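Based on the sequences and whatever the hints tell you, model everything.
Number of protein chains: 2
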Amino acid sequence: MNRIITIGREFGSGGRELGRRLSEELGIAYYDQEIVSEIARRTELSEQYVQSVVEHQPSFSFPIHIGRSFYPAPSPVLDQSMTVYQEQSRIITEMAQKSDCVIVGRCGDYILREYEPFRMFVYADMDSKMKRCREKAPEDEKMTDRELKQHILGIDKKRAKYYEFYTGHRWGDKLNFDLCINTSRTVIKEIVPAVAKLFQG
Amino acid sequence: MNRIITIGREFGSGGRELGRRLSEELGIAYYDQEIVSEIARRTELSEQYVQSVVEHQPSFSFPIHIGRSFYPAPSPVLDQSMTVYQEQSRIITEMAQKSDCVIVGRCGDYILREYEPFRMFVYADMDSKMKRCREKAPEDEKMTDRELKQHILGIDKKRAKYYEFYTGHRWGDKLNFDLCINTSRTVIKEIVPAVAKLFQG
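Residue numbers (the numbering used here), protein chains in the order written: chain A, 18 to 218; chain B, 18 to 218.
The hints are simulated quantities; they were obtained by calculation from the structure and are not laboratory data.
Wrong hints could be hidden among the right ones.
A pair holds if it fits inside one copy or across any two, identical chains being indistinguishable in the list.
In silico DSSO-like pairs for lysine-lysine, Cα to Cα no more than 30 Å straight-line [to be verified]: (1) LYS115 / LYS159; (2) LYS159 / LYS174; (3) LYS178 / LYS214; (4) LYS214 / LYS175; (5) LYS174 / LYS115; (6) LYS159 / LYS214; (7) LYS166 / LYS214; (8) LYS191 / LYS175.
If you're wondering where the values come from, they're calculated on a predicted model, not measured in any experiment.
Written out as structure tokens, the structure is:
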């Protein structure tokens, strides 16, 4: 069976960087934005739309038809969210079947549970997440600290909602992961060789 | 400054084994039961009693003197718990000042916070904790699965209470640790070289 590593992460924690560097160190495939592009190609929805659905917006906005039925009729928006999720599940499974790989986000840990992936979660305290975001932001970025904090919390809230909707598990619960790494006091580049060693016997 | 590694752990998760093996791999000191023995020596309380206080029983049983004072009078039992905790803090600090070391349990992460220790937490799912306990139990051990589970939950409940009483933090909250390791699917011996590599540059 291929060696599959899934990485869940808080926004601003450097989980993507860790995933990318880890895949380079191990010489295996890395999937992140590629998944969105592939969903967009297969569903013929725009990449931007798929991005907004994937990890961000399972739609709970059922239209309610009072007087017609006790149960709400299926919503076309929810239908489309489900289509995207199903396509995503298929693509992630195909990727995992093809070769060893690192998959970032997108409920990979849950979708691939039968493949017994090594499940990592990357997180950090708010100060270091804000610092990391500032370093990566374009120069004309004008958010105040308060706005940036709200932005980070908002993205993670959506990730949590998405994850919980599709998996039934609490997002970031350490019991659902094999290894949780706090990057607050860490230079990611420096810990990658140690993390890689877990897979190098 | 010395390299200090603290390890918090759920009962049955193999955190002690991981700590001991890690200290061997790194060639540094390992403190666990030694702390209890040293407290007993210094306070002239029995080792058994110190063991029952350390990590297990901060006493909340204030005697209440209605009509004399709004605030409860200090309890001799609480006094003794505090004495043990203070002595423990002193000993752990001395150990950390002496040389690089691994310290298991006993709020080491909190007591040594000014030394910026590398803080690990070791945990596992209930099935694997039960399995590990069975393997280590004496042959005449007769607990049913239900009793064993209650025993494990009971010890961790006391650890949580103790930790929260002295630190004000939630026990096992991943944000208070640099690395959390789930040993459910792991052979501890096999991951130690990778964990050690974090400290070997």
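Here's how the hints hold up against the structure:
1. Taking the closest pair of Cα atoms, LYS115 and LYS159 never come within 30 Å of each other, the shortest separation being 43 Å inside a single copy and 48 Å across copies.
2. Taking identical chains as interchangeable, the C-alpha atoms of LYS159 and LYS174 lie at most 30 Å apart only when both belong to the same chain, with a minimum of 22 Å there against 46 Å between chains.
3. In this assembly of identical chains, LYS178 and LYS214 lie within 30 Å of each other by CA distance neither inside one copy nor across copies; the values are 33 Å within and 36 Å between.
4. Taking the closest pair of Cα atoms, LYS214 and LYS175 never come within 30 Å of each other, the shortest separation being 33 Å inside a single copy and 35 Å across copies.
5. In this assembly of identical chains, LYS174 and LYS115 lie within 30 Å of each other by CA distance neither inside one copy nor across copies; the values are 32 Å within and 44 Å between.
6. Within a single copy, LYS159 and LYS214 get their C-alpha atoms no closer than 40 Å, and across copies no closer than 40 Å, so neither meets the 30 Å cut-off.
7. Proximity of LYS166 and LYS214 under a CA criterion of 30 Å is satisfied in neither setting, with 34 Å inside one chain copy and 34 Å between copies.
8. With identical chains, the CA atoms of LYS191 and LYS175 are at most 30 Å apart both within one copy (19 Å) and between copies (20 Å).
When each numbered hint is compared with the structure, violations occur for hints 1, 3, 4, 5, 6 and 7.
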